[in-house]
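Got two chains here, separate frames each, mind docking them using the hints?
Protein sequence lines, in the order shown, are assigned to chains A and B. To convert, note that position 20 of the first sequence is 20 in UniProt numbering; the numbers rise steadily by one, no gaps. To convert, note that position 48 of the second sequence is 48 in UniProt numbering; the numbers rise steadily by one, no gaps.
Since the hints were made in silico from the structure, they are not lab data. All residues carry an ideal CB built from backbone N, CA and C; glycine is no exception. All the pointers check out, no bait thrown in.
Incomplete in silico selection of chain B near chain A, CB under 7 Å:
(1) T173
(2) L179
(3) C186
(4) A192
(5) T200
(6) A217
(7) A225
(8) A238
For each label pair, taking beta carbons as the anchor points, the in silico distance ranges come out as:
(9) A:E37 to B:T20: 51 to 59 Å
(10) A:V107 to B:L209: 32 to 40 Å
(11) B:A50 to A:R149: 50 to 58 Å
(12) A:V205 to B:R93: 51 to 59 Å
(13) A:A127 to B:G14: 58 to 66 Å
(14) B:R31 to A:T29: 43 to 51 Å
(15) A:G152 to B:R125: 38 to 46 Å
(16) A:V107 to B:K213: 30 to 38 Å
(17) B:R89 to A:T69: 43 to 51 Å
(18) B:P34 to A:S105: 57 to 65 Å
Here's the letter readout for the chains.
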Amino acid sequence: MSTTLLLLADGRFPAGGHAHSGGLEAAVTAGRVRDLETLAAFLDGRLATAGLVAAAFAAAACRGGDTSTLDSEMDARTPSPALRKASRAQGRALLRAGRTLWTLSTVERELHHPVALGVVAAAAGLAPEEAALTAAYGTVTGPASAAVRLLGLDPYATHALVARLARDCDAVARRAARVATVDELPACSAPLLDIGAEAHASWEVRLFAS
Amino acid sequence: MKATARITAVAEAGRTRLVTLRSEPPLLVRRTGPRHAAGEVEVHLVGGAAGPLGGDRLRIEVTVGPGARLCVRTVAASLALPGPRWPERAGPRSPADTQSTLDIHATVAAGGSLRWLPEPLIAARGCDHVSRSLVDLESDASLTWREEVVCGRHGEDPGDASLHSTVRLGGRTLARQDLAVGPRACGWAGPAVLGGGRATGTLLVVDPLWTEKPPEAAVLGPGAARMPLAGGPAALAAAVGGDLREVRAALDRAFT
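Excised from the complex, chain B in its bound form (with noise of 0.2 Å):
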């Protein structure tokens, strides 16, 4: 399946109004939640089908106003998982073929504030997929960005999944990471990596009140730890676990 999703926040008169909400199966963007008292409007990707299956390609295009405050989050984890069996009289395929990818591109302009909160990806066995996130943020934009995986479902070894995310303030990058899990992955389970922990996570937040005094570094756990960025007002929380249960809830208090 080939699809994009487009959500665009914009702040009139002081509150936010969702301007575009463009749904395309199997990404569906349904406006939800009470208007917070801050004024943040918040939507959920709603799975149209299980997935994202090997040959997918989805995008999900956000963009927040100057002022405007949004917060995605989805209904449920993202499974990944191997596409349907190759036909034989298809010809030999392609990485393409078989591959499942994530698209995300995120612009908040000035004012603006952005929490991107979604469920966990899930690399199941005999998965191929890559998630690439892009977020371009105007000085003085705040920003929540959570990125959570899971190796595999219970009881079962990952595929092969890979995160890769830039974000940068004021057209110079702010943070780069790529994550690899599964068989093509070296070392990844190893103690440098995962250390045989079945999830991780992160938990970026970038706020223009932090200018003069971004938070501390701190050790959150055994498996754990928050982290100052170097080029700007931004700290990464970073956690690995046995599950997602344990990477949540490190990831939960790491700023709080």
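With the rest of the complex left out, here is chain A (with noise of 0.2 Å):
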């Protein structure tokens, strides 16, 4: 149990992660996300793709993991210009937030988000399964939040599916803090993210960066 662990996983933690929808805008827009079931359905998909590969590449950055090859294997898991675009930016809000509060090992001003929560997160002390579980329910509240706000949505139903989805969160955390080698990292692709933060990066007015 640690309270840096909570600290760093609080949305009201300073990184800017507010600003990012996660890809629900997108899907919103497109009609595939209505309701609750629907969004049941997105943070499902999400949580087993992106937030797969989010965690397993915070784990990966908080042992220690040489983090050049890290974010150079995030960009060739993320297709998607606007992708890494927003995790780039996501990544230098936290890494800019994390070095106010901690000394860190690195002092690149930008990686991708994922290698920079690892990075923060062991200078914080956490140990890589936290930074995976940090990533992992990022993945997951961040899109439930804006539902809220851009659906509409009862804020208890939302965050009664994100507390359904905790077991699944601690499992994903536990997985990807087994991955032992840059080859073994997860590329689940997630198409509709992808082609979905295409389309949204080509409008003119959005409420969120991505």
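Structure below.
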């Protein structure tokens, strides 16, 4: 148990996460997410794909993996330039915040968000599995809270969805933390997250950055 | 069934020659098509049996030498099916007994070109199929690599199919994608992954001529986009649709 873990996973941690919807805004506008049921399916798919990848990269970076290798492996798993940009923007904000709280092991200012999260988690004294859990949790809470704003869903019912995912989230973090080599890092793709992110980036007016 | 097919193309005096064409049922390789103006040689994989079936171990090795140009196609879709019923007297079965696997390893030397344009994989009900592709490109090699999956035959829920692909350029990872559909894959039919679409596909193009300027990102419709990659002169088109026709149409126009 650790307060530091709660601090880093807290949506109020000043790293700009609230500006991103994790692909939900694009899915809502396309009509793919309309209600609690479709939101639940969205969160399931996002946790199993982007969530597992982010958790594995966060754990690997926390364990002291080479950040430039991890960063380019993350690039190779992110075909969408809009998602690469969003991930780097969030990574940059997290490194900036983390650097004021702890002593980071890298002088890098820009890394993909999961890699940055691993670096900051290590500096905060967290274990790789805790870094993985923070990453996995973030991939569901981001879009869940965006759903309340975008669809006007009941916040209690939305939080109930997140609560129901708790066990899956734990399982994803455990699996992610077991990844031992760069070649084993998962690359689970979610075609509609990529395609939706590109459509979203082309809009002139949007509520969220991604 | 366990089978390995091998195709090796080399350039000789400005023309591409097939120096190895090894078939093993059910993987039969046939040279097809006229010699293209650009000197590309075309081969087709002709399915010698239905499948892959659970338990099959298939392997395809493709080597394209410096300056050689090869195009590989298949005559029909592959239909991943469950294996024969497991006899009880054979004892407990392991995934190796029931899973079908297809391993593809391709290498393309500098100045070489490979176009890999197979028909889709159809994941029939009850199948358990794993396909792994590893493509190694020397810098200055060209590649067109298409992968498509259809989730089940008409009106059928799919079995489990996962496709893992890695493309390396000059020893560095350029693209890695793992796509999983079927009952064991979490959330695959939901709005983050396929959104109820029954077909999906990607077309990866690596072209050394794009070193200065890769194609720009473009939205190709409600379920398709073209995306320049970070690690080299390459772009990936991805599409999701109600059927293969929709997906193929989007991929076909992605780079024109």
